[in-house]
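Chemist: The lines below spell out each chain.
Protein chains: 2
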Amino acid sequence: MSESPLPPLAEHLTARSTAAAMRVQQEALQAARDHLRSLGFQELLPPLIGPVTDPGGRGAKALDVDFYGHRYKMMTSAILYKQASLRGFPKLFYIAPNVRVEPAETAGTGRHLVEFHQIDVEVAGATRAGAMGVAESLLTHVVDHVWRAVPETLTELGRDRESFAELLAGPFDQVTHHDAVAGLRSVGHDQNPDGEIDWAGEELLSHKAERPFFITGYPKGSRGFYDREDPDNPGQLRNFDLIAHGGFGELVSGSEREADYATIVTRMRESGENPAKYAWYLRAAREGIPGSAGFGMGVERLTRFLTGLDALWQVSAYPKLPGVATP
Amino acid sequence: MSESPLPPLAEHLTARSTAAAMRVQQEALQAARDHLRSLGFQELLPPLIGPVTDPGGRGAKALDVDFYGHRYKMMTSAILYKQASLRGFPKLFYIAPNVRVEPAETAGTGRHLVEFHQIDVEVAGATRAGAMGVAESLLTHVVDHVWRAVPETLTELGRDRESFAELLAGPFDQVTHHDAVAGLRSVGHDQNPDGEIDWAGEELLSHKAERPFFITGYPKGSRGFYDREDPDNPGQLRNFDLIAHGGFGELVSGSEREADYATIVTRMRESGENPAKYAWYLRAAREGIPGSAGFGMGVERLTRFLTGLDALWQVSAYPKLPGVATP
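Taken in order, these protein sequences are the chains called A and B.
With the numbering used here as the guide, the letters of the first sequence map in order to residues 1 to 327.
With the numbering used here as the guide, the letters of the second sequence map in order to residues 1 to 327.
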C-alpha cells in the first residue's frame with residue numbers, strides 16, 4: 001500500500017471544498033443532461049460488469065468478478081456497449097461509473113482515481129468532426145451553466161470567470177498529434193512521436209493555452225481497437241482528445257469507431273486481444289453495428305477543471321486511490 | 001445456467017418496447033432529480049466497491065473483487081455510505097447502481113435482476129413518517145411528470161391514465177405488518193407473522209389495492225442491522241415498504257436508521273455480522289453519525305410500474321438475470 005494523501009472519509013465528506021465541489025458537479029451533470037437531451041440524445045443506464053470490457057491502451061487493468069461461475073469484468077469503460085446499442089439508440093449517452101486498477105505508484109499524481117465517471121456519448125453515422133462538435137458544445141454549455149447557477153461557489157473556490165472567457169468565446173483550436181509532437185520537441189521536450197502525449201508534454205501544452213483545444217490523429221498503437229484507423233493516413237487514428245487550458249490536461253477522449261467486422265478482428269489481433277473473448281461483440285459487429293463517433297468526458301476531471309481544485313480525489317465524494325485501502 | 005427468457009442483446013436493444021421503456025425511465029429519473037433537488041437534496045455519485053456493503057436480509061450475495069490485495073465487495077446497496085455522508089450532506093440522494101447475486105432459480109420470476117438501480121435517499125434528523133412523506137411525494141411527482149411528458153408512449157404500451165388517478169389523488173394508505181399478516185391469514189394465505197411478506201402475499205395485497213400503500217413495522221429478523229428497532233415495540237423495526245397497486249409489488253424499502261454505536265454493534269451481532277468487518281463504518285458511528293431516515297426506490301421496478309411491462313428485464317437496457325451468462 002502506498003502513502004495516501006487522503007484524509008479519513010468522515011473528514012473528507014465534511015470539508016467545505018467537498019461540499020462546493022459536489023454542488024458544482026451536480027450543476028455540471030444537470031447541464032450535460034439538459035444539453036444532450038436538447039440535441040436529441042437518449043440517456044441509458046450502462047452495465048457495470050460483463051464478459052469483456054474496454055481493454056484500453058494505457059495499462060490500467062479491470063477487476064474480475066465471478067458471475068455464476070463465469071469470469072466477468074467490471075467496466076473500465078462501456079464503449080463496446082455504446083456501439084452495440086446504436087441500432088436501437090442512434091444518439092445515446094451514459095453517465096457511466098468505471099473502475100480502472102492503475103499502478104499503485106500513481107496514487108500521488110492527483111490525476112488518477114480507481115473509481116471515476118464518464119459522460120459517455122456516441123452518435124451513429126457521425127464523423128470525428130461531428131463528435132468534436134458535440135464535445136465542444138457540451139463543455140461550453142456546462143461552463144456557461146455552472147457560472148450562471150453557482151457563481152458564488154466558484155468564486156469561493158478561487159475561480160475567476162475571466163479564465164473561462166476565451167473558452168466561452170470559442171471555437172476551440174485544433175492541432176494534429178504530429179504538430180503537437182513537433183512543437184514539444186522544438187522546445188526541448190523529448191516527446192515520443194509514436195505514442196500518447198506524455199503527462200509532462202500535455203501539461204506544457206495545457207499551461208500554454210488560453211482555451212481548451214483538440215489534439216487529433218493519435219498513432220494507432222496508443223488507443224483501443226475500436227478507434228478507426230484513418231484510411232487517408234495509415235497508422236493514424238481518426239480520434240481526438242480535448243485538452244483543458246490552465247494545466248488541467250485531458251478532459252475528453254473520443255474517436256470515429258471501426259464498424260467493419262473483419263477490420264475489427266484484425267485490429268484486435270494487432271493490439272494483442274484475443275477475438276474469442278469478444279464473442280457477443282463480434283456477433284453484433286457481424287450483424288451490423290452502425291458506423292459512429294463518440295467520446296467520454298471525465299466527470300471528475302471536468303469538476304476539477306471547473307472548481308480549480310488540485311487533485312481528483314478532492315472532487316470525488318468517495319475517492320479511491322490506486323493501491324490505497326480506504327472505504 | 002438456467003433457461004433464459006432473454007432475447008439476444010441486439011434484439012432486446014432494438015425492440016420497440018425497450019425504446020419506450022427507456023423514454024419513460026429517462027423522464028422518471030429527470031422528474032425524481034427535479035423533485036428531490038426542489039426539496040433541497042444534493043445528489044452524489046455513490047461508490048461501486050468497498051471493504052463492506054449492505055449485508056441485506058434476503059439472502060442475495062455480493063460479488064467480491066481484489067482491490068490491491070484486499071477483498072472488497074461490489075455494492076449491494078450503498079446504505080452505509082449514505083449514513084456516513086449525512087454530516088456533510090444532511091439531505092442526499094444517489095441514483096445508485098447495485099449488484100446482487102440472487103439464486104439462479106429466480107431467473108424466471110420477472111422480479112429479479114442481478115444489476116439494478118435505486119433512487120437512494122437519506123435525510124438527517126428525519127423520522128420514519130418524514131421519509132414516507134418524501135417517498136410518497138417522489139412517486140406522485142414522477143407519475144404526474146411522465147404522464148405529462150410522454151403520454152403517447154405510456155398509451156402505446158397499453159397503460160391507462162385512469163389506473164393512476166387514485167395514486168395522484170393521494171394520500172397513500174398505511175397498514176402495519178401485523179395487520180397485513182392478519183389480513184392475509186384471514187383469507188387463507190399462510191403468511192409467516194415473523195418474516196417478510198412473501199411474494200404471493202405481496203401480490204395478493206398489491207392486486208387488491210387501488211393506489212400504492214405503505215406496510216410499516218417489519219419484524220427485526222427480516223431486515224439489516226441499520227434499520228432502527230422501535231423503542232415502543234421491541235422486535236419491530238421503524239421501517240416501511242411502499243407497495244404498488246395493480247400487482248406490481250414493492251417499489252420502495254425504507255426506515256429510520258440506528259445511529260447509536262453500541263446498539264449498532266449489538267444489532268450486527270444479532271444478525272450474524274462480524275463487527276470487525278465494518279471498521280470504518282463503526283469508527284464513523286463512534287464519532288457520531290446523525291440519526292436519519294431514508295429509503296431506496298428501485299428504478300427498474302418503478303419503470304415497470306409506469307410502463308406496465310411484465311418483467312424487470314424488459315425495462316433494463318442491459319439486463320442480467322440470475323445464473324444466466326449474457327453480455
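Since the hints were derived computationally from the structure, they do not count as laboratory data.
Quick caveat: nothing in here was measured; it's all calculated off a predicted structure.
Take these hints with a grain of salt, some might be off.
What the hints assert, rightly or not - Quick look at which bits of chain A chain B covers, simulated, 3 or more residues with Cβ under 8 Å:
| no. | stretch |
| --- | --- |
| 1 | 21-31 |
| 2 | 186-195 |
| 3 | 312-326 |
Claimed, not checked - Within a straight-line C-alpha distance of at most 30 Å, the following computed DSBU-like cross-link-like pairs (lysine-lysine) qualify:
| no. | chain 1 | residue 1 | chain 2 | residue 2 |
| --- | --- | --- | --- | --- |
| 4 | B | Lys91 | B | Lys208 |
| 5 | B | Lys277 | B | Lys61 |
| 6 | B | Lys91 | A | Lys61 |
| 7 | A | Lys220 | A | Lys61 |
| 8 | A | Lys91 | A | Lys208 |
| 9 | A | Lys61 | B | Lys61 |
| 10 | B | Lys61 | A | Lys277 |
| 11 | A | Lys208 | A | Lys220 |
| 12 | B | Lys91 | B | Lys61 |
Just so it is clear, CB atoms sit at the ideal spot from N, CA and C, and this is done for glycine as well.
Chemist: Each hint should be assessed against the structure and marked as holding or not.
Modeler: Against the structure, the hints come out as follows:
1. 21-31: Holds, because 6 residues of the stretch 21-31 of chain A bring their Cβ atoms closer than 8 Å to Cβ atoms of chain B.
2. 186-195: violated (count 0)
3. 312-326: Answer holds; 9 residues pass the 8 Å Cβ test.
4. B:Lys91 to B:Lys208: Violated. Lysine 91 of chain B to lysine 208 of chain B sits at ~34 Å, over the 30 Å cutoff.
5. B:Lys277 to B:Lys61: Holds - the C-alpha atoms of lysine 61 of chain B and lysine 277 of chain B are around 16 Å apart, at most 30 Å.
6. B:Lys91 to A:Lys61: 35 Å, violated
7. A:Lys220 to A:Lys61: 20 Å, holds
8. A:Lys91 to A:Lys208: 34 Å, violated
9. A:Lys61 to B:Lys61: Answer holds: lysine 61 of chain A to lysine 61 of chain B is near 25 Å, not above 30 Å.
10. B:Lys61 to A:Lys277: Distance ~26 Å between lysine 61 of chain B and lysine 277 of chain A Cα, so the pair holds.
11. A:Lys208 to A:Lys220: At roughly 27 Å apart (the allowed maximum being 30 Å), lysine 220 of chain A and lysine 208 of chain A satisfy the hint.
12. B:Lys91 to B:Lys61: 29 Å, holds
Against the hints set out earlier in the document, violations occur for numbers 2, 4, 6 and 8.
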